[in-house]
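Asker: One line per chain: the protein sequences are A and B, in this order.
Throughout the first sequence, residue numbering follows my numbering, covering 1 to 352 in sequence.
Throughout the second sequence, residue numbering follows my numbering, covering 353 to 704 in sequence.
None of these hints come from the bench; they were simulated from the model.
Bear in mind the structure is a predicted one, so any value in this text is a computation, not a measurement.
Treat each hint with caution, since some may be false.
What the hints assert, rightly or not - Simulated pairs of lysine-lysine, DSSO-like, Cα-Cα distance not exceeding 30 Å: (1) Lys312/A - Lys640/B; (2) Lys264/A - Lys302/A; (3) Lys700/B - Lys15/A; (4) Lys364/B - Lys382/B; (5) Lys16/A - Lys472/B; (6) Lys16/A - Lys654/B; (7) Lys66/A - Lys368/B; (8) Lys415/B - Lys30/A; (9) Lys664/B - Lys143/A; (10) Lys12/A - Lys364/B; (11) Lys28/A - Lys415/B; (12) Lys664/B - Lys654/B.
Number of protein chains: 2
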Amino acid sequence: MKKLNPAYLIRKNIKKLTPYHAKEVPYKIKLDANESPFPLKISDFISEIEVPLNRYPDPEAIKLRKALAKKLKLSYEKILVGNGSDELIYYLILTFGGPILYPVPTFAMYGIIAQAVGVKRIESKLDRNFDIREETIINLIKKQKPRLIFISSPNNPTGNSFSAEKILKIIDTASKNSSVVILDEAYQPFCSERGFLPFLEDFDNLAILRTLSKIGLAGLRVGYLIGNETLLSEVNKVRLPYNVDSLTQYIATEALNKFYAPIKNFITEIVKERKNMQRELSRLKGLKVFPSEANFILFNVKDSKKIHNKLKKEGILIRDMSSVIKDCLRVTIGTRDENKEFLRVLNKILGE
Amino acid sequence: MKKLNPAYLIRKNIKKLTPYHAKEVPYKIKLDANESPFPLKISDFISEIEVPLNRYPDPEAIKLRKALAKKLKLSYEKILVGNGSDELIYYLILTFGGPILYPVPTFAMYGIIAQAVGVKRIESKLDRNFDIREETIINLIKKQKPRLIFISSPNNPTGNSFSAEKILKIIDTASKNSSVVILDEAYQPFCSERGFLPFLEDFDNLAILRTLSKIGLAGLRVGYLIGNETLLSEVNKVRLPYNVDSLTQYIATEALNKFYAPIKNFITEIVKERKNMQRELSRLKGLKVFPSEANFILFNVKDSKKIHNKLKKEGILIRDMSSVIKDCLRVTIGTRDENKEFLRVLNKILGE
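The task is simple: from the sequences and hints, build the whole structure.
Answerer: In structure tokens, the structure reads:
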């Protein structure tokens, strides 16, 4: 009987990774995870669930893909569903390999999953306005030939959407260098500009990631990749046949087909509340508030860590981003009452 | 605008993979997927689902792991849950890398996922009795130093469980050669012998895969890995934080805590029916029936492809295994009525 030495057993690229550890923190108001604040339960739109749990799920998730396709007005064959966008990012990196390129700061999972798979990461810093440095990225594409480029727009955690013109130039350069561009539009529903769906036909190397997580169904885990069938059929090769369970397929389909009006109202409400929040936050002394096209707002404040902790003590959870962007905190848009209470407590803390 | 050339864009190891394509076949009796035949719906054991869909799932799946741990009489920290065992196989190969070694024929996903990740596969043929060739495997371990060894026992699609003594010798050799052994006990609930849980403490390089898919909850997608915390914490590094959705966590937990007696009765019933089926099949002319410790039976029959198709035309789905084992078909144990009807139709076809 020999003692296990994990440092010897595991692959080298795994060594530097740390597991995700979520601590359960008691809270009154939860504005830290870019979830929808509107409680949504199955009984809100389904009276009886007739899913046979003893049978395997539909491996092609046809009904769910058709429900998504109907909303997007395209063919369901141009859609691949995943157990959250996270899983699709895994599949994309497994399919196309590395290096992978992405602007930073951005959604952490691109880098984490690249590390797990063991491919090289190329990071390009955003400029002062949190926009992408187009020339830097174009040079990186030409010189380092990334296989995959991830661009989150609107971007998390900065909240802004990148210049469409710059993105188009990047996709074009990528196209000439056999790089695939994944535009992550997780926050697109909250954005005033149109997304990149209209450009899918122009670029064979472009695919778009979307999710139901930000619009009220984070608990279900549904992400989807939209792209041409050639590209999707390659990604489909590494997909696990039963990656989306029967209940998720059923309930997401029902929500899209029968509960979409309320979901759209929630989105409208959040955009309205974001504008209020932006105005109110800007009035507070010592805050620098960044423009947002998402369901959260990033702001800079002195002693951000201390303020984050004081809010937590009052039962208000927001996200500390100071390790990524100096002195920055990220607050998810909540309900009107939650936002008011957050603003009241923040104002009180700032005055102490 | 450049045309995409997937053959150039994708990684080499992906080229040879083909996507899983499930055809929808109309059926009367479904005995092809090793599912439980007993209809199980949420309303059978849950009156109201109070899961907030707008919130992300518990990334640690604490309640579900505790419910599983209680049944196994061990600490929940020795359990990692996945979106089916499939996802855990992905994580294991990403964590430990290759080469990976497994006896064949066996569960196809070990090889498919190894190919998707791009690690070397070493296959060792089973002997005439479908038992593992212990010496061959031990030599392969010593010479080729696989990082991971997958052993499914009871084995799919052969149905038998391997000699425990042989498995123990393999684990011991693996231990001395820094190989990790994953014992896939998906079919353990139907087996007359004890599984390998009692040996977990003896070997730091051993972990066990189990699933709720075969005992009535295939639609939910819950697989779990049981092992020491050191090994699990390494695998946990590549796990997606929200890999098991809120509904699956909730419903699986409820099923384990409140519906376990019926689930156990289902298992007892299937074992009883398997014995009947084995006896009845053996009486049919021209069949060679292999012993089974699982919820399915493998049998050899002349013109297996033709018989498989004739059954399909009668609305009875079983699995054609002839591409893997010459002239073999695999039938999942159904309800008493389903099994009777299958036997009646098979008998009729054989007499034609």
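Asker: Hint by hint, note whether the structure agrees.
Answerer: Against the structure, the hints:
1. Lys312/A - Lys640/B: Outside the cut-off at roughly 68 Å; violated.
2. Lys264/A - Lys302/A: Violated, at roughly 36 Å.
3. Lys700/B - Lys15/A: The given pair, whose Cα atoms are some 60 Å apart, is violated under the 30 Å limit.
4. Lys364/B - Lys382/B: It is violated: about 37 Å lies between the C-alpha atoms, which goes past 30 Å.
5. Lys16/A - Lys472/B: 24 Å, holds
6. Lys16/A - Lys654/B: 55 Å, violated
7. Lys66/A - Lys368/B: 29 Å, holds
8. Lys415/B - Lys30/A: Measuring from Cα to Cα gives roughly 21 Å; hence the hint holds.
9. Lys664/B - Lys143/A: With Cα atoms ~56 Å apart, Lys664/B and Lys143/A exceed 30 Å; violated.
10. Lys12/A - Lys364/B: 22 Å, holds
11. Lys28/A - Lys415/B: Answer holds: Lys28/A to Lys415/B is near 22 Å, not above 30 Å.
12. Lys664/B - Lys654/B: Holds. Lys664/B to Lys654/B sits at ~17 Å (cutoff 30 Å).
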